[in-house]
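Chemist: If you read the sequence shown in the working numbering, its first letter stands for residue 2, the second for the next number, and so on.
Keep in mind that the hints were calculated from the coordinates and are not lab data.
A portion of the hints provided could be inaccurate.
Unchecked claim - Straight line, CA to CA, 20 Å or less: simulated DMTMM-like cross-link-like pairs of lysine to aspartate or glutamate:
id, residue 1, residue 2
1, Lys-196, Glu-252
2, Lys-120, Asp-207
3, Lys-108, Asp-156
4, Lys-120, Asp-180
5, Lys-120, Glu-209
6, Lys-115, Glu-105
7, Lys-126, Asp-280
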Amino acid sequence: MSSSWEDDEDFTEEQLLAIDAIEASYFSRSSSSSSSSSSVTPIVRTPTSSGYGNENPNQIRRQLPRSITSPTPSKRFPLSRCRAKNFPAMRFGGRILYSKTANEVDKRAMQLLKALETKRGQSGKAIVGFDIEWRPSFRKGVLPGKVAVVQICVDNNYCDVMHIIHSGIPQSLQHLIEDSTLVKVGIGIDGDSVKLFHDHGVSIKDVEDLSDLANRKIGGDSKKWGLASLTETLVCKELLKPNRIRLGNWEAYPLSKKQLEYAATDAYASWYLYQVLKDLPDAVNSS
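With the sequences and hints as input, model every part of the structure.
Modeler: Structure below.
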């Protein structure tokens with residue numbers, strides 16, 4: 002859960018075209034290496050008839066570095082124009098696995114640990130899209146609730162939503178969270194780590210904030226990315242953040258279908274955007 006998604010800046014047409022090349026690179030790799038994703042709703046850019054040609058070149062704020070705007074010949078891809086006014090929604094098209102009891106969470110965590118063994122790269126690490134939710138407080142002097150939900154997504158096919166406010170954190174889930182060979186990726190994940198440790202005494206090991214990664218890859222002036230703004234910029238999708246869900250009661254038992262979809266999509270977006278960004282060279286002006 003993060004509120005930084007609202008702090009967005011506009012991007013110019015030139016920048017969006019450069020980012021199209023980034024996305025094309027990812028899709029080219031993923032389409033040739035994964036046959037299982039054919040059952041999942043594809044994430045594609047869908048321009049509208051009113052989405053082109055309204056930019057003023059004099060309003061360009063900054064330029065992306067040449068490491069992105071001028072890719073090497075081996076990384077050169079055709080640039081498609083995508084400047085929709087209303088982006089289609091980002092949706093997770095796989096199965097959402099909802100665990101509510103200690104036994105259910107324990108079983109799923111063990112299954113995830115086993116599955117992640119096959120996803121480790123040459124570095125010996127695997128990537129986990131990770132997020133948490135809790136019940137907010139709107140009354141002065143009343144603290145927000147403890148972390149109520151943990152969301153985990155490791156591929157296009159399954160995302161887990163674990164209702165830990167009711168199940169607790171069994172040893173298998175604690176092992177997954179504290180395993181330093183499993184890189185947990187998300188927006189504001191350092192803050193999530195602090196809250197999870199404060200509320201449940203579990204320390205998230207090996208995290209990577211997508212905002213920092215995006216700044217390193219895209220370059221230009223550093224900005225505080227939110228998950229919604231990064232999703233729009235990289236894949237021309239709108240990550241829906243309705244307040245009635247985002248700021249709702251995450252301790253409710255059971256969670257509603259809309260809550261489950263929201264939770265799973267956030268974790269999926271984190272995992273997915275990492276795949277888009279990970280193999281890009283660092284921008285020339287990144288420290």
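Chemist: Mind listing which of the numbered hints don't hold for this structure, in increasing order?
Modeler: Result: no hint breaks.
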